[in-house]
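Here the protein sequences line up with chains V and X, keeping their order. If you read the first sequence in this note's numbering, its first letter stands for residue 1, the second for the next number, and so on. If you read the second sequence in this note's numbering, its first letter stands for residue 215, the second for the next number, and so on.
These are calculated hints, taken from the structure and not from any lab test. Even for Gly, the Cβ is constructed at its ideal location relative to N, Cα and C. Mixed in with the good hints there might be a few duds.
[Said to hold, decoys possible] Sample of chain V residues lacking proximity to chain X, with all beta carbon distances greater than 12 Å (derived):
#, residue
1, Ile92
2, Ala107
3, His127
4, Met167
[Unchecked claim] Chain X stretches covered by chain V per the calculated footprint, using a threshold of three residues with CB under 8 Å from any CB of chain V:
#, segment
5, 294–303
6, 307–318
7, 351–358
8, 363–377
9, 413–424
Listed below, chain by chain, are the residues.
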Amino acid sequence: MKPLVVIVAVFMCLSCASLPKLDPAGGAFDCPAPFLTEKTRLIHAIEARVAGRVSSVIGVTLADPAERAMSVAIVGTEGLSLFEADSKNGEIAVKRALPPFDQHDFARGMMSDIELIFFAPQPVHRHQGLDEAGCRVCRYAAPKEGFTDVSEVEDGVYRIRRYSPGMALKREVTIRGDRGERFAQIDLQAYERVRYRLIMTLLEAETVSGAATK
Amino acid sequence: MSATNNTGRFRLASRAALFLIMILSAASAAASDHFAELRQNAAAIESIQADFTQKKLMKILSKPLVSEGRFAYAAPDSVRWEYLRPLQSVVLSHRGETRRFLAAGGKMVEDTSGGVKAMSIVLGEVSGWMQGRFEDNPSFTASIHRKQDQTFVILTPATESLGRMMRQIEIVLSRRDATIRSVRLVESADAETVIEFKNVRVNAELPAGLFQDVQ
Numbered sequence: 001m002k003p004l005v006v007i008v009a010v011f012m013c014l015s016c017a018s019l020p021k022l023d024p025a026g027g028a029f030d031c032p033a034p035f036l037t038e039k040t041r042l043i044h045a046i047e048a049r050v051a052g053r054v055s056s057v058i059g060v061t062l063a064d065p066a067e068r069a070m071s072v073a074i075v076g077t078e079g080l081s082l083f084e085a086d087s088k089n090g091e092i093a094v095k096r097a098l099p100p101f102d103q104h105d106f107a108r109g110m111m112s113d114i115e116l117i118f119f120a121p122q123p124v125h126r127h128q129g130l131d132e133a134g135c136r137v138c139r140y141a142a143p144k145e146g147f148t149d150v151s152e153v154e155d156g157v158y159r160i161r162r163y164s165p166g167m168a169l170k171r172e173v174t175i176r177g178d179r180g181e182r183f184a185q186i187d188l189q190a191y192e193r194v195r196y197r198l199i200m201t202l203l204e205a206e207t208v209s210g211a212a213t214k
Numbered sequence: 215m216s217a218t219n220n221t222g223r224f225r226l227a228s229r230a231a232l233f234l235i236m237i238l239s240a241a242s243a244a245a246s247d248h249f250a251e252l253r254q255n256a257a258a259i260e261s262i263q264a265d266f267t268q269k270k271l272m273k274i275l276s277k278p279l280v281s282e283g284r285f286a287y288a289a290p291d292s293v294r295w296e297y298l299r300p301l302q303s304v305v306l307s308h309r310g311e312t313r314r315f316l317a318a319g320g321k322m323v324e325d326t327s328g329g330v331k332a333m334s335i336v337l338g339e340v341s342g343w344m345q346g347r348f349e350d351n352p353s354f355t356a357s358i359h360r361k362q363d364q365t366f367v368i369l370t371p372a373t374e375s376l377g378r379m380m381r382q383i384e385i386v387l388s389r390r391d392a393t394i395r396s397v398r399l400v401e402s403a404d405a406e407t408v409i410e411f412k413n414v415r416v417n418a419e420l421p422a423g424l425f426q427d428v429q
């Protein structure tokens, strides 16, 4: 039995990317920051790929980076509200959750993904360097979240990688801007026990003034 | 004095209750007549084709989220429910089989998630509405009233669990031909969906394969 466990463990380790070493950049640089700086309402068409199945929904996000607060709604193609929740500083209030969005930990996982995409990391430590492709990377470390690498891989194309405290790759996000819209296309890959991929295409984005908010 | 007053009050209350029962019975009979009339008018419908605009209203949105699509029905139970924008998808229901397709990676792919089963139930309901059958589903209580040239059917969930999902469905029909003009789905105090039908064609010729082919 033991050899089988070792083989499985080795295979699992090989199939997971781990935190890469950063080479010295030869000087300090401005960290890539694709994140929201103002309270913004974003509407995305979301194509979700989970375990070989594809589904599509519309996602509405009202995110306030200053307060680290957000309201989120998932609407089915046919118009039914499937999920609604608010979050502020990690406290989540689910207002509506129809199956399968009522599953345990769905809300926390989804809010964490949205926060990763739109909000700048809150680091305890920050480190700069170059990755294997020579891209400038800012690495943010926090005890709970682990490590978050942010880089600009091409002009207007950003990559965010989240590693666990154990240094295993958990999320990879690619943000592509188009025609002045920073979040025109978002591709999120989740490396969990059940892997999933979200391809988000921007339908609408608007800056929200304080008086117009919820 | 007290006994006389009590007897008088009892008689008054009994008459009021009887009067109320008579009014409710008359209203119920009128409603039954209206539903019967709807079924009778809908019996002449063999097919319907229409375009629709769907407006989703939610507190989180500053303006309605608008979707557009096409709808087709053929008696007794064939339905094509197609969204053209902003997300492209189509649900086909024909001879008891329901399939859902959505645009992914530049092509239409079949949705094999549990959502298809839910859509099968919804389209079964829609087929029933096209035939004027609004009272068939025991999950909803149906009421009817008329205003000018329109008939309003209100479906209210009969169970608390369903009520948490959908508070009310309001269907507006043309009194002329019993075709559905709009559907309002009230999910909560903050969220509702309004679907308005336009370019409604009744009993026009349907393209071949409309309920089987995605394109």
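How the hints compare with the structure:
With 12 Å as the threshold on Cβ separation, the claim that Ile92(V) sits away from chain X holds: the shortest Cβ distance comes to roughly 15 Å. Look at Ala107(V): its CB is around 15 Å from the nearest CB on chain X, clear of 12 Å, so calling it non-interface holds up. Listed as a non-interface residue, His127(V) keeps its Cβ farther than 12 Å from every Cβ of chain X; the least gap is roughly 37 Å. With a least beta-carbon separation of about 32 Å from chain X, Met167(V) lies farther than 12 Å from that chain, consistent with its non-interface assignment.
With 5 residues having a beta carbon nearer than 8 Å to a beta carbon of chain V, the segment 294–303 of chain X meets the requirement of three or more and the stated coverage holds. Only when three residues or more bring their CB closer than 8 Å to a CB of chain V does the claim for the segment 307–318 of chain X stand; here the count is 3, and the claim holds. A stretch counts as covered by a chain when three or more of its residues have a beta carbon under 8 Å from one of that chain; for the segment 351–358 of chain X and chain V the count is 0, and the coverage is violated. For the segment 363–377 of chain X, the proposed coverage by chain V is not satisfied: 0 residues have a C-beta within less than 8 Å of a C-beta in that chain, short of the threshold of three.
With a threshold of 8 Å between beta carbons, the proposed coverage of the segment 413–424 of chain X by chain V is violated, since 0 of its residues qualify and at least three are required.
The structure fails to meet hints 7, 8 and 9 from the earlier list, while all remaining hints are met.
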